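Number of protein chains: 4
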Amino acid sequence: MSTLTPEILGELEHQAIELPSWAFGNSGTRFKVFSTPGTPRDPFEKIADAAQVNRYTHLSPTVALHIPWDKVDNYIRLRAYAEDLGVSLGTVNSNTFQDDDYKFGALTHEDAAVRRKAIDHHLECIEIMHQTGSRDLKIWLAEGSNYPGQADLRGRQDRLHESLSEIYAGLGDEQRLVLEYKFFEPAFYHTDVPDWGTSYVQVAALGDKAMVCLDTGHHAPGTNIEFIVMQLLRLGKLGSFDFNSRFYADDDLIVGAADPFQLFRILYEVIRGGGYANPDVAFMLDQCHNIEDKIPGQIRSVLNVQEMTARALSIDTEALAAAQKSGDVLGANAIFMDAFYTDVRPDLAAWRESRGLPADPMAAFAASGYLQRIAEERVGGVQAGWGA
Amino acid sequence: MSTLTPEILGELEHQAIELPSWAFGNSGTRFKVFSTPGTPRDPFEKIADAAQVNRYTHLSPTVALHIPWDKVDNYIRLRAYAEDLGVSLGTVNSNTFQDDDYKFGALTHEDAAVRRKAIDHHLECIEIMHQTGSRDLKIWLAEGSNYPGQADLRGRQDRLHESLSEIYAGLGDEQRLVLEYKFFEPAFYHTDVPDWGTSYVQVAALGDKAMVCLDTGHHAPGTNIEFIVMQLLRLGKLGSFDFNSRFYADDDLIVGAADPFQLFRILYEVIRGGGYANPDVAFMLDQCHNIEDKIPGQIRSVLNVQEMTARALSIDTEALAAAQKSGDVLGANAIFMDAFYTDVRPDLAAWRESRGLPADPMAAFAASGYLQRIAEERVGGVQAGWGA
Amino acid sequence: MSTLTPEILGELEHQAIELPSWAFGNSGTRFKVFSTPGTPRDPFEKIADAAQVNRYTHLSPTVALHIPWDKVDNYIRLRAYAEDLGVSLGTVNSNTFQDDDYKFGALTHEDAAVRRKAIDHHLECIEIMHQTGSRDLKIWLAEGSNYPGQADLRGRQDRLHESLSEIYAGLGDEQRLVLEYKFFEPAFYHTDVPDWGTSYVQVAALGDKAMVCLDTGHHAPGTNIEFIVMQLLRLGKLGSFDFNSRFYADDDLIVGAADPFQLFRILYEVIRGGGYANPDVAFMLDQCHNIEDKIPGQIRSVLNVQEMTARALSIDTEALAAAQKSGDVLGANAIFMDAFYTDVRPDLAAWRESRGLPADPMAAFAASGYLQRIAEERVGGVQAGWGA
Amino acid sequence: MSTLTPEILGELEHQAIELPSWAFGNSGTRFKVFSTPGTPRDPFEKIADAAQVNRYTHLSPTVALHIPWDKVDNYIRLRAYAEDLGVSLGTVNSNTFQDDDYKFGALTHEDAAVRRKAIDHHLECIEIMHQTGSRDLKIWLAEGSNYPGQADLRGRQDRLHESLSEIYAGLGDEQRLVLEYKFFEPAFYHTDVPDWGTSYVQVAALGDKAMVCLDTGHHAPGTNIEFIVMQLLRLGKLGSFDFNSRFYADDDLIVGAADPFQLFRILYEVIRGGGYANPDVAFMLDQCHNIEDKIPGQIRSVLNVQEMTARALSIDTEALAAAQKSGDVLGANAIFMDAFYTDVRPDLAAWRESRGLPADPMAAFAASGYLQRIAEERVGGVQAGWGA
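Line order of the protein sequences matches chains A, B, C and D. Quick note, in my numbering, the first sequence goes up one by one and the last residue is 391. Quick note, in my numbering, the second sequence goes up one by one and the last residue is 391. Quick note, in my numbering, the third sequence goes up one by one and the last residue is 391. Quick note, in my numbering, the fourth sequence goes up one by one and the last residue is 391.
Possibly wrong hints are sitting among the right ones.
Note that the list lumps identical chains together, so a pair holds whenever it fits in one copy or between two copies.
Taking lysine-lysine pairs in the DSSO-like style, the calculated list, with each CA pair at most 27 Å apart, reads [unchecked claim]:
| no. | residue 1 | residue 2 |
| --- | --- | --- |
| 1 | K35 | K120 |
| 2 | K212 | K328 |
| 3 | K120 | K106 |
| 4 | K328 | K74 |
| 5 | K212 | K35 |
| 6 | K212 | K106 |
| 7 | K35 | K106 |
| 8 | K74 | K35 |
| 9 | K328 | K35 |
| 10 | K106 | K328 |
| 11 | K328 | K120 |
Just so you know, these hints were derived from the structure itself, not from any lab. From a predicted model like this one, the values you see are computed outputs, not experimental measurements.
When you get a sec, could you build the whole thing from the sequences and use the hints?
Structure below.
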């Protein structure tokens, strides 16, 4: 018996999940970054690895860059390299948290010279975007303070608006700015964009090309994330997702690994709110494969999103609406859970094969010998990580 | 050595903290409501008790009502009764969580008839406000769902907007609507106004007379509440506070009891953002004295707010700004903490006496024999609680 | 293709999940208890409702009692009544949180007379257990304090030991005491048995007949509950489960409703540690059906536990152990997730039918007209709730 | 008016707070480690800096070492160097989280060879302790897993016991093992010693020389830490504190900075339970000065502990016990809060001067020019951090 209708499979054709270049480099905790043989040494090798994920899944046609980690002399060459491998360059992520000047802030800093430097960095990113063909400039603001009294929260918020306004003014007509919020870390008392409300009021003050980025790992314990998805879609301000999962803080685990049912609920609200297969709402991964293999970690991740999207698309929305209207609590919940509990994997495997893809992308990649090959070939040099 | 300057004492003259009538009735948990002798049986007795708090502190000139708990035949008489006791009637709080019709929502309900009923209840509250002379209609929306799938989050949000719009249209020129948000409880999966962002976008869509109410106990674990205070003041949308404190969930303990330093930080941001002694930003208590005496519990609470306001007013803001500008983390924090650690109580006691108040309001009230008197006099009848 | 082997189905035959009598009465939050037609008015009617759950599932052969809520004149008659309906009386739950004397504690109270009363209540429970044929006396200690300084934490802990020792001494040879811990509520500053560690050290000091009760809703945010399951089984001290689920605090929702994957992980550790189908480890529900129908809510709950047990039993433990040993992070996780994602419901439906049970117990019960019948028949009297 | 009696000042004479050598090196988050001029390049320079803290406060006579970060060729020489500067070498901290072999565990690893290596590391630490004259071997077990299914929780717990037993057997007669627990990080699904209960059962299984280490930043949100202090003292198993403070996760901020009232409550329970000025209960700092100056950060920290200890010692314990016994909630809380709100700083300043110490150690250190001197002198070499 088939669980996925042709309509659902048709919807799944539109799914695209951007990969972060940095997921292919080494990452870790403040205590230790473990390295693995074969880890890319430069942006080209990262893109080569990312292309493997798309090759086996057709789910990840674009790769996000991080500047300066992915700085190259010639972005046109990088772009062509990517396209030869069947992928495009996507969102450009700025970085204002690793320069010594940014110790006490960047776009919010008390000192105009530091703000100038941080704004200029973003303008440089926009310049790169023109070369890479990227639409979105993603700003995660790792700014805040560690001790009460250390910083003037209000002044920083006002300065943030001014800095963002200047960056916004630099955007091309087809470009967007997406502003990410985060509950805490690396700052431990206050963060300048700690919640969706702050990101929303900041981007709303900029204009139509500014949107909110929702990272699924950046919330307080217990937060109902699908509610925020609903609200931002309702407000027309959900620009993109950074998918990952967490048990505690910003754990950056594989999406769907910690709470698959939460991912299901999020994807349901995306669909419910018109955010699915909507170019205005970008799906991206933002994860750290601290201890597991990176390329398979990314394959697993995009498959998790695909499988859960298939489940969410399977909800009998008419029956659900009827149960909701009639106050049938257990009935509505049962319709919802039925879709979650239905195993869509056999149908997806068959569908993949019908499209010339391996039924089991994880197994196919493992069998390809790619990991062994890069471990042998990529000898010498410095493995990529989060260092500048 | 005096720690509080005449300027600070002058600022303290303007402090007013509204008391909730329901704090004088019985309250408890879902497991048990303990009663005490002398508990009021009607709104008049609640106001009499509230007036005691103001008598010994001059800090609580108004009393908030809750409809229907405080319904009376003649609000003019209630108002006159209060004024005879030196207090006024303040904010009117609506109630859409105790009628069987509201089991699945009120202003957000799927059924237009239920929404009609809930809207009409608010219009009735506005009518009462005209009689009581109240400015603010406070709406705490105890609506949500317990199970994923049970409710259509998006539809409810839209209906909430429609319902609020109709209530807003009914406000008098000098009246306001304040919309309270709450993280969870009594609903356990989703709440329709769970965070400041949602309250903000809902009231912003209404107009200038709609504001956000911030209850200090209604946030996720770890939330930086003073940041929200800062942001709402910056946006011109902080309408009122519900003060209380918490260790876990919405514990409704005495303000300042669980984390006095947090109260200090909140009050600092109120002052920093121009929200202190600003009639647009109302200070209220919203607490439950489940096991402690109620009137002394309220006296303790307003004194806690006063003492912590005095500390926050004592911060050397010029030195603080200089330290902040120069990136002197420990220096800025030390200036901040110095004000927190300075004992303002002796100065406040002397100041109280200079204004004809008891140096120690707790002791003076205890010595008055009021609690014993009401225990003897209020015999028979039904003690007030949270029942309608 | 069948997913559940005969061995797994054989294991499932041993599953028994005790129902709480109070789940069939009304419950709610401190804000409102909604009532429904047909709610039981006495312990007999509660047992009749509980028997319905077992009739359609063969999963709940016993019913837990709560004293004094379920006090009757003749327990022998209650026991016979239950047995006529195919169920037995199970765990007896004591109550030391609803008497005015217990406002500041019961087994931990400063006053020996109050402790005496609380101990005697437990001895009375043991006496009832002899009549009902119950093995387990469950103690949930709703004791604590709301304000720092209010209580002497250490003295209370020592008095708790003394009180428990006296109760323990009163147990019959085949009887056990299980001590439940809870993070918070109804006390909001400290709780006398707030975590598994405290429950463990208290029962370890009593002897072999004292065990820990783990309520899945009684932990701090983010707690890894399956780790605690593992540890208590390792220590030989896991006496029983109170199953339910939560998004925020002690929400008491249907087990598996909030985080099905967590339930899967818990059940895996139960099996891994030898706690499944082990008479020493009792499975119970402890839930509140505040807004949904109660009997279907209980049927849904036992089915959730059964379905998730089937998934957990399906894990390929040999392959898992091999992947764990070899440090194959993604491989081990994939084996684990495969069992979680496999849809066991069709096999379970077929197996139910093979045993003379309805394939879909929810539908069969709905079709039975029982709810309509009790709504018509149970007219007059006072509906059961949490009042004494 | 003096607030601190001679008895209290006498008690304060016994206070000693061990400093961590690593607090003087660079630290940061996974995103960035900021460096500062003058940061020590070797263990000798760290000890020189630590000695400064003691010089201005007489509060920190010992310095904890971390192996291998503080490995030297000649520990006798390091010990003599410290003693020349007026301090001793204290607790030795092991490290089993930075070697590639420990990616999947150390003392709990599936592979006996890895466990052997980790055990041998601890035996080497014990050998070093004999040379440094240290009493305590502190084990923080940074072991766990990131994904459900990745690890066999139960097997790891059993192997942990075996490994610890072997280490315990290697202790000298006067030596102790203290086992630290931590809620999460660097592992994000499970941690092998996540809570006090696990640490307690592991050390209880070893013997009298094994104790629990309580790091104040290592708990779930909302955890009542003073309760754990009470319980561990009651069980005779509180071996040491790692002091720091947090708003979110393991923020490692200056002790008392995030929640001064919590520090007060903790110290009260230490005193209440006989843990103050008790050599069996070691006070240590474990903090990261990511953005603030390190030596002043440590001075501020020990002063915070001293000031809060003075407040906690000032509680009128007789009056408190009487209020507790009589159920006077507000009275007991008022006595408790009175001590917290009393400003002990003037008395402490005077007392310091009477002992030949600066009234204001922060100012005196700043005036000394030490920071400028080391910035000039410590040029070249590699600044110490968390790298091996």
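Verification of the hints:
In the homo-oligomer, the alpha carbons of K35 and K120 lie at most 27 Å apart only across protomers (18 Å), although the nearest pairing inside one protomer, at 31 Å, exceeds that limit. In this homomeric assembly, K212 and K328 never come within 27 Å of each other (Cα to Cα): the closest approach is 37 Å inside a single copy and 32 Å across copies. In the homo-oligomer, the alpha carbons of K120 and K106 lie at most 27 Å apart inside one protomer (13 Å), although the nearest pairing across protomers, at 39 Å, exceeds that limit. For a Cα distance limit of 27 Å, the shortest separation of K328 from K74 qualifies neither inside one copy, at 54 Å, nor across copies, at 32 Å.
Taking the closest pair of Cα atoms, K212 and K35 never come within 27 Å of each other, the shortest separation being 39 Å inside a single copy and 31 Å across copies. Proximity of K212 to K106 under the C-alpha cut-off of 27 Å is found in neither arrangement, the shortest distances being 29 Å within a copy and 41 Å between copies. Proximity of K35 and K106 under a CA criterion of 27 Å is satisfied in both settings, with 22 Å inside one chain copy and 9 Å between copies. For the identical chains of this complex, K74 and K35 are neighbours both inside a copy (25 Å) and across copies (19 Å), given an alpha-carbon limit of 27 Å.
With identical chains, the CA atoms of K328 and K35 are at most 27 Å apart between copies only, with a shortest distance of 22 Å across copies and 52 Å within one. Taking the shortest alpha-carbon separations for K106 and K328, only the inter-copy value of 13 Å comes in at or below 27 Å, while the best intra-copy value is 53 Å. When the C-alpha separation of K328 and K120 is checked against a cutoff of 27 Å, the pair qualifies only between copies, where the shortest distance is 17 Å, while the shortest distance within a copy is 55 Å.
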